[in-house]
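Start from chain X and add chain F according to the hints.
Protein sequence lines, in the order shown, are assigned to chains X and F.
Those letters in the first sequence? Residues 65 to 175, by the numbering used here.
Those letters in the second sequence? Residues 34 to 145, by the numbering used here.
Any given hint might turn out to be false.
[What the hints assert, rightly or not] Under the rule of at most 27 angstroms between Cα atoms (straight-line distance), these lysine-lysine pairs were calculated in the DSS-like manner:
no., chain 1, residue 1, chain 2, residue 2
1, X, K132, F, K77
2, X, K141, F, K55
3, X, K124, F, K74
4, F, K77, F, K104
5, F, K69, F, K55
6, X, K124, F, K73
7, X, K116, F, K77
8, F, K73, X, K141
[As the list claims (entries may be wrong)] Have a look at the derived ranges for each label pair, beta carbon to beta carbon:
no., chain 1, residue 1, chain 2, residue 2, range
9, F, S98, X, F82, 45 to 51 angstroms
10, X, K120, F, L116, 40 to 46 angstroms
11, F, S129, X, T92, 19 to 25 angstroms
Keep in mind that the hints were calculated from the coordinates and are not lab data.
Please read these numbers as outputs of a predicted model, since none were measured by experiment.
All residues carry an ideal CB built from backbone N, CA and C; glycine is no exception.
Here is how the chains run, residue by residue.
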Amino acid sequence: GDSVTQMEGPVTLSEEAFLTINCTYTATGYPSLFWYVQYPGEGLQLLLKATKADDKGSNKGFEATYRKETTSFHLEKGSVQVSDSAVYFCARTHTGNQFYFGTGTSLTVIP
Amino acid sequence: DTAVSQTPKYLVTQMGNDKSIKCEQNLGHDTMYWYKQDSKKFLKIMFSYNNKELIINETVPNRFSPKSPDKAHLNLHINSLELGDSAVYFCASSPSRGNTIYFGEGSWLTVV
Chain X
65 GDSVTQMEGP VTLSEEAFLT INCTYTATGY PSLFWYVQYP GEGLQLLLKA
115 TKADDKGSNK GFEATYRKET TSFHLEKGSV QVSDSAVYFC ARTHTGNQFY
165 FGTGTSLTVI P
Chain F
34 DTAVSQTPKY LVTQMGNDKS IKCEQNLGHD TMYWYKQDSK KFLKIMFSYN
84 NKELIINETV PNRFSPKSPD KAHLNLHINS LELGDSAVYF CASSPSRGNT
134 IYFGEGSWLT VV
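Here chain X stands alone, though its shape is the one from the complex (with noise of 0.2 angstroms):
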């Protein structure tokens, strides 16, 4: 069925490492495909999104582009600080409103 996998944490990195955290998707369709941040102790906020085929979403200096070829939204930044600390989510649309979010990430950035 259509279901999204991420790796698996925990990601720990030093301050001013590369971080890239993998996500692929499995879908019937096109769907549109999400980054979310979770911060310690809060709820989930939308990090950037792509809708179609090639489209990259940028925030706060993450990046992922949409990749139909190999059905991955893979997230990455190329300088990472220790405020990036977090728990990040890839998600996709399905049929009816619907989201399917993956397992999470954890990331530790340590000083």
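Just chain F now, with coordinates in the frame of chain X:
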């Protein structure tokens, strides 16, 4: 103004009690949701309403009953609380033809 607001933020209660969590959105969205997040951060959809009508009802014990008095509100009532109900419950909303979902800040439920 908070777009999706839910109350209470924290709730500690004893097993067997009945409790409610309220949710309101001021975004004018047609669709509202309840999600449950467990201790491993896994998000599971519980219910979805579109214009006050139930459209998603995942496998959830019937002790959980959502109620939508109007399209801006979706409350969650839980009967006979169990230890396993301890989790964070998120309310969310989205436009009916839109494709971004907006979350509330969560309600931390602890059953003791």
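In ascending order, which of the hints set out earlier in this document are inconsistent with the structure?
2
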